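Trainee: Quick note, the sequence shown lines up with residues 1 to 279 if you use the working numbering.
Simulated from the structure, these hints should not be mistaken for laboratory data. Just to be clear, a hint being listed does not mean it is correct.
Cut-off 30 Å, straight-line C-alpha distance, at most; resulting in silico cross-link-like pairs (BS3-like, lysine-lysine) [said to hold, decoys possible]:
#1 K168 with K134
#2 K218 with K201
#3 K201 with K134
#4 K143 with K7
#5 K201 with K7
#6 K7 with K62
Just the calculated beta-carbon pair ranges, DEER-fashion [said to hold, decoys possible]:
#7 Q90 with W125: 28 to 38 Å
#8 P85 with E115: 32 to 42 Å
#9 D35 with G171: 30 to 40 Å
#10 L122 with E193: 47 to 57 Å
#11 G171 with K62: 36 to 46 Å
#12 T17 with E86: 31 to 41 Å
#13 R130 with H37: 32 to 42 Å
#14 E232 with D117: 43 to 53 Å
#15 R215 with A144: 43 to 53 Å
#16 E232 with A144: 48 to 58 Å
#17 T247 with K68: 45 to 55 Å
#18 E15 with L80: 29 to 39 Å
#19 A222 with L122: 53 to 63 Å
Note that this is a predicted model, so its numbers are computed, not measured. Glycine residues also receive a C-beta, built at the ideal position from the N, C-alpha and C atoms.
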Amino acid sequence: MITDIVKNVGGERVEVTGLMGPGVDPHLYKASAGDVHRLTSAQIIFFNGLHLESKMGDILAKMTGNTKTVAVTDAVDRNLLLTPPEFEGQYDPHVWFDVTLWMRAVGKVRDTLSEYDSDNTLMYWSNAERYLAKLAELHEYVKAQSARVPSEQRVLVTAHDAFNYFGKAYGFEVRGLLGISTATEAGIADVQELATFIAEKRIPAIFVESSVSPRSLKAVQAAVNSKGFNVEIGGQLYSDAMGNDGTPEGTYIGMVRHNIDTIVTALIGGTSASSMVGP
Numbered sequence: 001m002i003t004d005i006v007k008n009v010g011g012e013r014v015e016v017t018g019l020m021g022p023g024v025d026p027h028l029y030k031a032s033a034g035d036v037h038r039l040t041s042a043q044i045i046f047f048n049g050l051h052l053e054s055k056m057g058d059i060l061a062k063m064t065g066n067t068k069t070v071a072v073t074d075a076v077d078r079n080l081l082l083t084p085p086e087f088e089g090q091y092d093p094h095v096w097f098d099v100t101l102w103m104r105a106v107g108k109v110r111d112t113l114s115e116y117d118s119d120n121t122l123m124y125w126s127n128a129e130r131y132l133a134k135l136a137e138l139h140e141y142v143k144a145q146s147a148r149v150p151s152e153q154r155v156l157v158t159a160h161d162a163f164n165y166f167g168k169a170y171g172f173e174v175r176g177l178l179g180i181s182t183a184t185e186a187g188i189a190d191v192q193e194l195a196t197f198i199a200e201k202r203i204p205a206i207f208v209e210s211s212v213s214p215r216s217l218k219a220v221q222a223a224v225n226s227k228g229f230n231v232e233i234g235g236q237l238y239s240d241a242m243g244n245d246g247t248p249e250g251t252y253i254g255m256v257r258h259n260i261d262t263i264v265t266a267l268i269g270g271t272s273a274s275s276m277v278g279p
């Protein structure tokens, strides 16, 4: 998602390398020797921050010399960040699920590139404005799609708690089997508790994620079915990673559109081309 911002804002002036590709879980990502070389060779390193790239923290902290490190979430007012109780006082790092917050990250990239390469400031600002206009349209699209789901049916159940900002921005109650980080495993009690919630609420669909193994969520599905209620796997959502390069879901805008279309289709029924992705 950050790579996509830098490509849109930097244009032809910036050579962009994204270390974490499709399906990669940033909570668990460890930099290879090749990655460390690429990092030390870079002029600017953009990262999310808020402990999302937890296993890369030491590497980023040790960057010296001409390499500038920038956490794009530094542009987000701390009063707008969520601190779920299960994350023990830390901020939820998944800010890209609120499009309006992610627009602030675009501004951080724009300002950083403009400061570093001031001769091309006008180009960076022009590119950023063009991209921000598209994101404003995207935000309105997500709001309109969300409104199609009756308020009492807006319950999103996923593999881990990545969608809290989405829920707050677009009016969904969000439940995840795992916590904000995927580094922990769900226990039997967690599975049964979530299954009871789904059965009692009669939630028609739950969602797997592209960067998280579907095994635990399928265990929830089986537990729900054992309680006499049938819950479907509504499709695959992109949470901590985007889709493959060259596909619509391989861009931030395409990823967000895919997610909301998949969610709405599964919760209210019907068909959607972008929702037909198996678990």
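Trainee: Could you run down the list of hints and mark each one as holding or not?
Mentor: Here is how each hint holds up against the structure:
1. Between K168 and K134 the alpha-carbon distance is near 21 Å, which keeps this suggested pair within the 30 Å criterion.
2. Distance hint between K218 and K201 is fulfilled; the C-alpha atoms sit about 18 Å from each other, no more than 30 Å.
3. Restraint check for K201 and K134: the C-alpha separation of about 36 Å exceeds 30 Å, so the hint is violated.
4. Our distance criterion of 30 Å between C-alpha atoms is met by K143 and K7, whose separation comes to about 26 Å.
5. Proximity of K201 to K7 is assessed by CA-CA distance (about 43 Å); at most 30 Å being required, the pair is judged violated.
6. Between K7 and K62, the direct Cα distance comes to roughly 26 Å. Compliance with the 30 Å bound is thereby established for this hinted pair.
7. Between Q90 and W125 the CB atoms are about 33 Å apart, so this pair conforms to the stated range of 28 to 38 Å.
8. The given range of 32 to 42 Å is respected by P85 and E115, whose C-beta atoms sit roughly 38 Å from each other.
9. Distance hint for D35 and G171: a CB-CB separation of about 39 Å, consistent with the stated range 30 to 40 Å.
10. The hinted range of 47 to 57 Å is satisfied by L122 and E193, whose Cβ atoms lie roughly 55 Å apart.
11. For the hinted restraint 36 to 46 Å between G171 and K62, the CB-CB distance of approximately 42 Å keeps it satisfied.
12. Under the hint 31 to 41 Å, the C-beta atoms of T17 and E86, about 34 Å apart, fit the expected range.
13. For R130 paired with H37, a C-beta distance near 33 Å keeps the hint of 32 to 42 Å intact.
14. Under the hint 43 to 53 Å, the C-beta atoms of E232 and D117, about 50 Å apart, fit the expected range.
15. At about 34 Å, the CB distance of R215 to A144 disagrees with the hint of 43 to 53 Å.
16. At about 24 Å, the beta-carbon gap between E232 and A144 misses the expected band of 48 to 58 Å.
17. Separation of T247 from K68 is about 31 Å and departs from the stated range, judged on CB atoms against 45 to 55 Å.
18. Distance hint check: the CB atoms of E15 and L80 are about 32 Å apart, consistent with the given range 29 to 39 Å.
19. As the Cβ distance of A222 to L122 is approximately 57 Å, the hint placing it in 53 to 63 Å holds.
The structure is inconsistent with the numbered hints 3, 5, 15, 16, 17, although it conforms to all the rest.
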